[in-house]
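K.L.:
Sequence:
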Amino acid sequence: MFMGSSSFISMGKALKKKTPSTNADARRLMFVDSSIKAEFVEIVQLPNPTNLLDGALYAVLDGTIYLIRGILPNVHPVSLFVDNTILNQSFLATFRFDVIFIFTSILFLAPDKFMSMPQRIYELYRSGLNESQGHGALEAGAFALWNNNVDKIQERIRYLCDIANPGEAKDVVIKPNVSKFQAMLEYKVQSLEKAVRSSNIIMGSYCQSKETSNSEHVRKHYITVQDGKLRSFAWSLISSMLNAEARNRLVPSNGSMIDHQAIDDVNLSRKPVITSSKRPKQRKIAVASGTASITSFFKPV
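Under my numbering, the first residue of the sequence shown carries the number 89, and numbering increases by one thereafter.
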């Protein structure tokens with residue numbers, strides 16, 4: 089499964105970059121309940137699976153690749169809160185990345201042609217206008233992933249593709265097998281759904297909360313996971329790792345996902361809902377004197 093537990097890495101050894109004036113006042117929030125400290129983390133630029141001509145930042149730690157999403161080092165100031173306390177601001181959120189998403193996006197740029205993977209990479213970054221736009225680093229990164237067989241990508245691509253020259257040739261001529269790639273993505277979706285349930289991850293995108301008790305001393309909520317919405321949520325995460333060409337061929341239509349949601353909505357509407365007009369009793373949580381709290385983040389700078 090491409091998404092694992094979030095981890096946090098220190099950017100203390102990253103190359104310093106001049107902060108653009110347009111982003112000088114940009115601020116972001118991050119909330120965590122645990123962190124992983126690393127002595128050394130290498131930051132590299134590789135193709136962005138959603139747009140192969142754009143680069144994305146990745147962290148390499150102990151031979152494992154992690155995608156850094158949303159936050160650029162030394163550009164967007166980050167405020168990190170753990171248990172309502174501000175911690176070091178030089179941390180980035182990452183998650184385990186499966187490089188097969190990059191090569192799936194490459195394959196479906198020309199899904200009906202038999203071509204070797206090196207030839208596909210070369211034509212992507214060297215053909216037409218792309219050659220003059222300076223994509224050398226992205227091309228080198230894609231070749232490095234392929235030639236070093238990161239995540240056993242060569243064997244996996246061979247299995248997922250139709251091969252024109254089967255044998256022991258180093259660079260086989262391949263064409264993506266749509267059915268196999270769809271099955272691969274379906275497996276990732278099911279794995280993500282299973283991980284969400286087993287980890288008891290509660291999000292409003294796919295959960296519904298019902299209040300079953302609202303006394304002065306006890307408040308109880310019954311939270312249910314809506315299968316259709318959870319599936320749509322999982323597909324949205326998986327599809328966000330592919331370019332438009334791959335999504336159009338591999339991701340189910342929105343209509344099929346909406347049908348699942350409609351069934352869930354009908355079933356939920358038949359269940360009794362317990363409501364109460366009583367207002368919950370508010371409690372004031374004591375905080376140690378001098379501790380920076382989240383409310384201070386929103387004060388004008």
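Source of the hints: derived by calculation from the structure; they are not laboratory data.
Any given hint could turn out to be false.
[To be verified] Restricting the straight-line Cα-Cα distance to at most 30 Å, the calculated cross-link-like pairs of lysine-lysine (DSS-like) are: (1) 240 - 268; (2) 282 - 201; (3) 263 - 317; (4) 240 - 258; (5) 240 - 201; (6) 268 - 201; (7) 317 - 268; (8) 240 - 263; (9) 201 - 258; (10) 258 - 268; (11) 258 - 282; (12) 282 - 268.
K.L.:
Determine for every hint whether it applies to the structure shown.
P.N.:
Each hint tested on the structure:
1. 240 - 268: Roughly 17 Å between the alpha carbons, so the hint for residue 240 and residue 268 holds.
2. 282 - 201: 36 Å, violated
3. 263 - 317: Since the Cα atoms of residue 263 and residue 317 sit roughly 33 Å apart, the hinted pair is violated (cutoff 30 Å).
4. 240 - 258: Roughly 14 Å separates the two Cα atoms, so the pair holds.
5. 240 - 201: Since the Cα atoms of residue 240 and residue 201 sit roughly 23 Å apart, the hinted pair holds (cutoff 30 Å).
6. 268 - 201: Measuring from Cα to Cα gives roughly 17 Å; hence the hint holds.
7. 317 - 268: 25 Å, holds
8. 240 - 263: 18 Å, holds
9. 201 - 258: Given pair residue 201, residue 258 holds - Cα atoms ~18 Å apart, limit 30 Å.
10. 258 - 268: Holds, at about 22 Å.
11. 258 - 282: 37 Å, violated
12. 282 - 268: 21 Å, holds
The structure does not agree with the numbered hints 2, 3 and 11 stated previously, though it agrees with the rest.
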